[in-house]
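One line per chain: the protein sequences are A and B, in this order.
Residue numbers for the first sequence, in the numbering used here: 1 to 207.
Residue numbers for the second sequence, in the numbering used here: 208 to 677.
None of these hints come from the bench; they were simulated from the model.
These numbers were taken from a predicted model, which means no experiment stands behind them.
A portion of the hints provided could be inaccurate.
Distance ranges between label pairs, derived from CB positions [as the list claims (entries may be wrong)]: (1) A:S87 <-> B:S622: 18 to 28 Å; (2) A:S59 <-> B:G395: 33 to 43 Å; (3) B:V488 <-> A:S59: 42 to 52 Å.
Note that the Cβ used here is the ideal one computed from N, Cα and C, for glycine as well.
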Amino acid sequence: MNTLTVLLLLLGIHLAVTERIRPAIRSLAIQGALLSLLPLSDSAGETWRAATLCLATFSVKSVAIPVILSRAVSKLGIGQESEALISTKAIVLLTGSLALAAFLICSRFGLAGQELLGAAAGLTLIFSGLLTMTTRVKAVSQVIGFVVLENGIFLFGAASGSAFSLPIELGIFLDLFVAVFLMGILMFKIQRAFTHMDVRKIHTLKD
Amino acid sequence: MEFLFLFPFSAAVAALLARSPGQAAAGSILGAVGLFACTVRQALALPVEVRGEFLRLDELGAYFLFIVAGVNVVCSVYSYGYFRREMEGGHIGPSKTRMYHVWINLFVLSMVLVVCAHHLALQWIAVEATTLFSAPLIYLHGDRKGMEAAWKYLLICSVGIAFAFLGVIFLSRAAGDIPLTFSALAAGREKLDPRFVRLAFLFFLVGYGTKMGLAPMHTWLPDAHSQAPAPASAMLSGVLLNCALLAVLRVAPAVPGAYASPLLILFGIASIGVPALLAAVQRDLKRLLAFSSIENMGIIVLGIGFGGAARPAALLHVLNHSIAKVLLFLVAGDIILRFGTQRIQRIRGIFRQTPLSGFLLFGGILAIAGSPPFGGFWSEFGILVGGIAGGHLTASLIYLVLLAVLFGSFLVYGSDMAFGEGTPRKLTAPELWCLVPAAALLVCSLWLGLHVPSGFYKALERLSTTIAFS
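Full structure from sequences and hints, please.
Next up, the structure:
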């Protein structure tokens, strides 16, 4: 469990600071695969339940979503650079301080040991997902940020021991998958209509 | 209860299989009437109907369901005439019209699930599903503005809902062994860990508040509501916002009032204040209406935060806002099609051209601004009285001033559009399929303004005790 969490955290930091889109999608896929191992590491649960959840996580987070994203990148001819509004140095610094803040917040709530590591890593992913969504300018980067945020919530939930019955967990996966699927469709449509994917230039609607 | 889900689902399937947009629209109308009939039948058989562990229709849910089903009937009738006009004008093709009916019925289905969900996580799934099914409605026309609006909507609301899920996690942490059903949480509220309950409520309020359009998380709302086709805008503004509100109200019994009330009052005042500042500079009719939705959600949240006598008034305002806002979006849709623009400045002198449209628009503006003799006046007044009685003098005063500002700007816009000089060219005739549903809503609003049935208000008072904070 601890090894998994540390790996997830490292991948999250890579996702936050990398300037290229394809490696980011690859990290996202690996992160999804690691997340799918989480239900298995919980020895208390029933085996078939853990196996179903593992399968669902793997197919949505490690296969479906990365496939949608990389198809979008290749079909839309999006460049390799994931441009940001602030410099990479600033992003590295911000990510570091957000991770520190996450650990401080979680220890303030009296968490310790494995629980602290899991919750703080989850919170770091949530923060860095938000950071990606707000600082990266390409639509595909924003979707990546959203998925990182979701992964963070997933890890945070697993660390704080929240578990729901199987149909509900599967419903949550379905919702997430459809959300990213819809975002993918919209990316194609936006590309066709605007002939670019830079969200800085999408601002005709304002007061 | 199964029929509540069956009707919208069958209407969606029927629309998918329909050969013409007319057939799809007929399916929608039949589905909507069926859903409404079932809702009434269920409401008469209440207090509670339970289906398994996760689904339950109680009185609070039935009240919100009644609004969803009623608005759905009105909008489905309207959409027949509206899309006929849009197709005649060449704004939309038959296949997109058919898809409208598919998505709108799935959207209604997801809202029925929000209302009937009795488990925190199921409710979350349902609220997220409302976002997913309504996003295609926003970019139905496939133009750039629609896509921009849908993109913002999908992204911002998904992040908001993700925060609400953190709320679910915190509440499950606070609950320990208590199951996450609303009745179990309310019964076991003494045993919940207060630190995590507070965190959970904050995240629920920010998360579902994003969906509700509370300031400062409202930025997506004016875009989305102004880009969707008129009947979809009416559903988004008139009932979807209520569903997000219901999601927050459901957890209220588990949350200490001393913590929740100030938060709600703060978000309420902010959400009335932002439209009060921005309404005066609006140029787009549908954006103006969208800002008014933010304002009204603020009023309702403020009323819930005031507590006491303001709470039943806030629940009444949910109904009043839905009636007046749906009315306005429906009339505005017809007017926008006939004038060929959404710009307020170019819409002038409706009353002279078509007295009925002008009358409905001006009446709707008065109703939404909370002027007597319409229903909104009493609920807004009730919230003010409740606030003063509860000792929230400063907040009540700010509320009153902001309402006066908003009333002024709405009155100016309304009288300019209805009675102002201009419009050189002759307009096409109004579409009766569009105006009759709107007229029915104006009558409802007027009726609720002249006479709130005492049994109904007693029921609202009873409901408001079920959402009282602990």
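| query | Does the Cβ-Cβ separation between A:S87 and B:S622 fall within 18 to 28 Å? | reply | violated (53 Å)
| query | Could one say that the CB atoms of A:S59 and B:G395 fall in the range 33 to 43 Å? | reply | Hint holds: Cβ distance 36 Å, inside 33 to 43 Å.
| Could one say that the CB atoms of B:V488 and A:S59 fall in the range 42 to 52 Å? | holds (49 Å)
Consistency with the previously given hints fails for number 1 only.
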